[in-house]
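Required output: the full structure, derived from the provided sequences and hints.
There are 2 protein chains.
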Amino acid sequence: MINKLIENIKRTNAPIVVGLDPMLSYIPEHIAREAFAERGETMEGAAEAVWLFNKAIVDATCDLIPAVKPQIAMYEQFGIPGLQVFKRTVDYCKEKGLVVIGDVKRGDIGSTSAAYATAHLGKVQVGSKTFMPFGEDFATVNPYLGTDGIKPFLDVCGEEKKGIFILVKTSNPSSGEFQDRLVDGRPLYELVGEKVAEWADSCMGDAYSYVGAVVGATYPEMGKVLRRIMPKSYILVPGYGAQGGKAADLVHYFNEDGLGAIVNSSRGIIAAYKQEKYASFGAEHFADASRQAVVDMIADINGALAAR
Amino acid sequence: MINKLIENIKRTNAPIVVGLDPMLSYIPEHIAREAFAERGETMEGAAEAVWLFNKAIVDATCDLIPAVKPQIAMYEQFGIPGLQVFKRTVDYCKEKGLVVIGDVKRGDIGSTSAAYATAHLGKVQVGSKTFMPFGEDFATVNPYLGTDGIKPFLDVCGEEKKGIFILVKTSNPSSGEFQDRLVDGRPLYELVGEKVAEWADSCMGDAYSYVGAVVGATYPEMGKVLRRIMPKSYILVPGYGAQGGKAADLVHYFNEDGLGAIVNSSRGIIAAYKQEKYASFGAEHFADASRQAVVDMIADINGALAAR
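Chains as they are written, first to last, in our numbering: chain A, 1 to 308; chain B, 1001 to 1308.
For the record, the hints were derived by calculation from the structure and aren't laboratory data.
Just so you know, not all the hints are guaranteed correct.
To be verified - Below 30 angstroms or equal to it, Euclidean Cα-Cα: the simulated DSBU-like pairs (lysine-lysine) are:
| no. | chain 1 | residue 1 | chain 2 | residue 2 |
| --- | --- | --- | --- | --- |
| 1 | A | K87 | B | K1151 |
| 2 | B | K1123 | A | K274 |
| 3 | B | K1123 | B | K1151 |
| 4 | B | K1129 | A | K123 |
| 5 | B | K1246 | A | K274 |
Below is the structure:
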């Protein structure tokens, strides 16, 4: 699946991923009204609104982008109906040829991690039959529990040709509380990065590994170091745009070949129509605003890459 | 909810929690057969088998125990039908007066962590109405992202009088890879423990905090230190029994008042009928075997506490 991600990135010339993290407050009133009219002011109604919103944005942007990253928490908060729409979104994006990165940040140990890997990347055996529970192409994984938590994901990645992105250095202000603490004079995130590089070696695609890393756009100096530590890992970069990460800072996350990183934007794309810059589209044409925001983001990042 | 947990523990005189982590391989053939006959060899069928299994065990043990801890991964692997049974299990256990600890190990940042907190502990607003998505009483939370990831959970705990258990030192063999690394001469898990103590102070019930910690039974020396660092936090202790933790080692996780810790057993209880010790019950009477295993576990732990 890492090979497919890279193919998609090359085809679109767009090292970006659109974060499908819908909050109800992002969804234009006419969409919410339509969904509530159909399903009531219920979790089913909210989930339907999310679905209509997602579908419009995917339809308006899928020819420009290689991948999407739905954030499962935003669906989980609407209970079962929310998770049904998560699954529907995953399926729809795959139909459209997009690579789907499930931002699930799961992580546990042994058979429990294996169950999460099965849920999101694998197939579950029931009697003589097998089923695909959620079926994303990639999942994000939390490393705090060590190799015991990662290994079951690697096994499923090997079988299914799927991939993971392991949290190394996250984009949030307090990420340093534990991740930056010095161990033998080096920050913890570097040690996690070294383990990622080891795990990555055991699970290679053609040029890059099935095992990638999450490194926030908000810490470019750390990104530079981590790029070197994990040469074969794709870096998934959150924090561009709304969180403050700038394109010029992001060039260090890429390798010389122009590959090796994929930059996420969520709010900046899916709620573009709420920004002054795209306000002229109006809430009715929110998906066109998202398309324009995608075009601008690609130009911004490719411009910075060309200028390095 | 920490007050209710403590009330339940005092009433049952049982500082234990039963982990409802059903694997299909634990489920007796007659239960699987019944479920598959009704729903086919499908994820619905598997989920139904899990439900019948859970219900029998809860019915057979609920008068003896204060709490249950369903592990969501084991349900998530059966997709939507699995998560429907997770919810059904949560609801059923609450009806029976049990405290429900959702072992979900979620953790993200900002609005995403808030969405997870809403999903598992809170209520979601849809238009003018509110709904309870999964509605556990406690959730387990991963601390790798720092305060930004924990704060939204604390907010919901404050509003809803719910609680969390933060992963500090996990029970698995490789937990030391990152958790034990020395920062200024002290292991990382101690620093996490100190943050837990801080967060705990901001969110107190009567005698204990709404903010607890997970510390594996397999590391009793560390448990002793962490007990001191986090005096007001309940410690949720996995790793007893099947993973190797012994009752004598666990006394250090308790405070002088005999409170402060709750010991989990999953496989050791729910798959008791598969152990030689309980084999005479037979697969038909698996729930009675679970009841006997609960009785034995309570005696084992209370015996160790009395002997200290």
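Item to check | Hints breached by this structure | outcome: Of the numbered hints given earlier, those the structure breaks are 4 and 5, listed in rising order.
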